[in-house]
Amino acid sequence: MLEQLKTRLEQGYRTMAFPDGPPPELPGRFRGRPIIDTARCPEGCEECVRACPTDAIQIEAGRIRVNLGRCLFCTDCADACPHGAIRHAQDYRLAVRSEIDLTINNGDEIRLAAALNEKTRKIFGRSLHLRQVSAGGCNGCESDLNVLTTIGWDLSRFGISFVASPRHADGLIVTGPVTANMKDALLSAYHATPSPKIVVAVGACACSGGPYVDHPETHNGIGDLLPVDLYIPGCPPHPLTILDGLLRLLGRIENR
Amino acid sequence: MNTPAYRDTMLAITGGRAVLRADIPVLPMSAFQDAIANAVAKDGCRVVTHFGLPDPTSDELIVLYAVLAHDHTGRLYISATSAPRSGYPSLTPRCFQMHLFERQIAENLAVPLHGHPWLKPVAFPGSVDRRAERSSPFAGADDKVGIMDFYHIDGGQVHEVAVGPIHAGVIEPGHFRFQCDGETILHLEISLGYQHRGVQRALKGGPNKRSWHYAETLCGDSTIAHGCAYAQNVEALASCRVSPRAAAIRGIALELERIANHVGDLGGLAKDAAFLPTASYCGRIRGDFLNMTAMLCGNRFGRGLVKVGGTGFDIDDQLRAELLRRLADAQQNLLPAVELLWNTPSVTARFEHTGILPRKTALELGVVGVAARACGIDMDSRRDHPSGIYRFTHLPVVTAQGGDVLSRAYVRGLEIQHSIAFVREQLQSLPSGDTFTPFAALGADMFAVSLQESWRGELCHAVLTDADGRFEHYNITDPSIHNWFGLAMAMRGGQISDFPLCNKSFSLSYCGCDL
Numbered sequence: 001m002l003e004q005l006k007t008r009l010e011q012g013y014r015t016m017a018f019p020d021g022p023p024p025e026l027p028g029r030f031r032g033r034p035i036i037d038t039a040r041c042p043e044g045c046e047e048c049v050r051a052c053p054t055d056a057i058q059i060e061a062g063r064i065r066v067n068l069g070r071c072l073f074c075t076d077c078a079d080a081c082p083h084g085a086i087r088h089a090q091d092y093r094l095a096v097r098s099e100i101d102l103t104i105n106n107g108d109e110i111r112l113a114a115a116l117n118e119k120t121r122k123i124f125g126r127s128l129h130l131r132q133v134s135a136g137g138c139n140g141c142e143s144d145l146n147v148l149t150t151i152g153w154d155l156s157r158f159g160i161s162f163v164a165s166p167r168h169a170d171g172l173i174v175t176g177p178v179t180a181n182m183k184d185a186l187l188s189a190y191h192a193t194p195s196p197k198i199v200v201a202v203g204a205c206a207c208s209g210g211p212y213v214d215h216p217e218t219h220n221g222i223g224d225l226l227p228v229d230l231y232i233p234g235c236p237p238h239p240l241t242i243l244d245g246l247l248r249l250l251g252r253i254e255n256r
Numbered sequence: 001m002n003t004p005a006y007r008d009t010m011l012a013i014t015g016g017r018a019v020l021r022a023d024i025p026v027l028p029m030s031a032f033q034d035a036i037a038n039a040v041a042k043d044g045c046r047v048v049t050h051f052g053l054p055d056p057t058s059d060e061l062i063v064l065y066a067v068l069a070h071d072h073t074g075r076l077y078i079s080a081t082s083a084p085r086s087g088y089p090s091l092t093p094r095c096f097q098m099h100l101f102e103r104q105i106a107e108n109l110a111v112p113l114h115g116h117p118w119l120k121p122v123a124f125p126g127s128v129d130r131r132a133e134r135s136s137p138f139a140g141a142d143d144k145v146g147i148m149d150f151y152h153i154d155g156g157q158v159h160e161v162a163v164g165p166i167h168a169g170v171i172e173p174g175h176f177r178f179q180c181d182g183e184t185i186l187h188l189e190i191s192l193g194y195q196h197r198g199v200q201r202a203l204k205g206g207p208n209k210r211s212w213h214y215a216e217t218l219c220g221d222s223t224i225a226h227g228c229a230y231a232q233n234v235e236a237l238a239s240c241r242v243s244p245r246a247a248a249i250r251g252i253a254l255e256l257e258r259i260a261n262h263v264g265d266l267g268g269l270a271k272d273a274a275f276l277p278t279a280s281y282c283g284r285i286r287g288d289f290l291n292m293t294a295m296l297c298g299n300r301f302g303r304g305l306v307k308v309g310g311t312g313f314d315i316d317d318q319l320r321a322e323l324l325r326r327l328a329d330a331q332q333n334l335l336p337a338v339e340l341l342w343n344t345p346s347v348t349a350r351f352e353h354t355g356i357l358p359r360k361t362a363l364e365l366g367v368v369g370v371a372a373r374a375c376g377i378d379m380d381s382r383r384d385h386p387s388g389i390y391r392f393t394h395l396p397v398v399t400a401q402g403g404d405v406l407s408r409a410y411v412r413g414l415e416i417q418h419s420i421a422f423v424r425e426q427l428q429s430l431p432s433g434d435t436f437t438p439f440a441a442l443g444a445d446m447f448a449v450s451l452q453e454s455w456r457g458e459l460c461h462a463v464l465t466d467a468d469g470r471f472e473h474y475n476i477t478d479p480s481i482h483n484w485f486g487l488a489m490a491m492r493g494g495q496i497s498d499f500p501l502c503n504k505s506f507s508l509s510y511c512g513c514d515l
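Protein chains in written order, with my numbering: chain A, 1 to 256; chain B, 1 to 515.
Some, not all, of what chain A presents toward chain B, calculated at C-beta under 10 Å:
hint, residue
1, 8
2, 27
3, 30
4, 140
5, 151
6, 179
7, 181
8, 184
9, 212
10, 215
11, 217
Derived from the structure by calculation, the hints contain no laboratory data.
Keep in mind the model is a prediction, meaning the values are calculated, not measured.
From the three backbone atoms N, C-alpha and C, an ideal C-beta is built for every residue, glycine too.
Build the full structure now, drawing on both the sequences and the hints.
As structure tokens, then:
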């Protein structure tokens, strides 16, 4: 018993100050939102487009567009660019409300997720219980969702928790591209969740199919199967990106 | 004493090397099967992997390959045989380690395996992978995932409990079917396939721009281990020699991956025993190790750290100093948190004698990794089949004797300490040089195999290239393939309430199996 108390004292208080205080420090090599300096792009160069494993980059009429839902946040585009025009910035804020907002024209601001409407916020704003459904993928997103429940992040201080049954839930938080083998289970879980309900897509797989985009064994994310309220890009998204998205949805982070 | 026959008939190689496909002996079916059965039963070999692919010369035939490991000599033995699509006798009744591999062959190539005691689907690939639907042993049956002929026990007190695919926690999908007598589990059958996303199929014809990303996402928590296996195979096929510095950085990353996952599992085990102090501390400290990996490469799971030819990132003096400081900090927080587990009687009482996997059963099943070492089986690919940095630096192999949850937890606890020491040592003595070696095209008509000791246990990637040096077949064997049946056997006679704790103590992968 004394040893337990001593260890407790030594471990200290570890819950981060975010969002009231600064976010936790990200490593210098962290790859957040990709940014392209088109001034450096010679006409007709499409090296980044060709290198991207998921075809997340498109060039149309001289405009470069990046689909964050497809982006694996790897280094393939930056490695392939001979002009040093593309890099991943430190910006961890990536969550958006609609599929259209996932694609950003280079140079434009990202339309970060807006809060739910007032009526829905009144219901979920202080208590949001989510049923997680893992529907394919690599278990990376699931791991970093679990991290949010550890003492450093302490998701429950926002009234958000993961529950065991869809019948106890206010919505689903889905990972994976939705394999053909998980489609029925996902839809059952959705129908078992009482309305009103929300759906959150976490990770490149759930947003777009991720590395498995266009596989016949999987769907291209949950967008075609369920009405999605929040897309959180990343492969996998950093826990900070996920938390930021959830808090934006609930109106706990605004104007920054 | 006579040399066992398989050593003359099979080709002996070491991991991380490529050989010409023409050099792999093609044996008659009976000799192929006898060699495997004898090597496993009489000479302590293990079946590392076994797979089949279509025979390009005939629609009526398939080609089977087997890779065995002889751990004491560090040798791998390979052979091939030709089998008719119309079916052939199963080897599983004589060699249980073949059982899941033969089921995969039956499923993916639609070949009936006569006399297989447990011939059921594995990944339920639907119609996508089926080349000859009509000959499939499962044709006509409902092709839906999870619908199969579960082992069933009848009796007055006997009841069935079905769990999954969606579980109570934030974990991957899978289905567990228990046959229980009251609270006692008579039998557990595990049915997977929910994570099947067609990766092995998609790897065919590679390497291309997506191949590497498949390798990194075979199993997200083992990104480094699977990445190393893939990279090592391509490097062997392209005759690329990785620099000592890159090899050391890969080793650092692989051990950080092991530490992070072991710490997470010890926290999870504490949670399942309702001991919240260690659960809370370890849950947080796991993040400290993931963040060290993120300092190396920007991603907590090590995405982009390994790349074919070396590593994508280097470690400068400033980063090295910061990593050493964080390593010392994390170690100082971690050791007392883990120590609490062993000093709390309510925890050790819960762990001890729960979910015992007998050593003999583990050997028969070919169980690998922590689960094997916890049964007193002295095996570790880092020592027995070393590649990269492990050829020069040795980590002590940790074993325990109980075969129970306590032993599996204890092995993890000690492995964490050895891995921390290893990471510190490597950081302090990083070899100089570049981290990347350019490489040429892949060799044509070759076979390469790579073994890595991931945190779960030995994983194996085997690849065959065609006449153009493209992947004709890329075969992935996650340690979980060897170990899921071990979990099922460990549950026999146990309480159904023990299942979450036992499941956590094996901590197996679904996506690594379903692929």
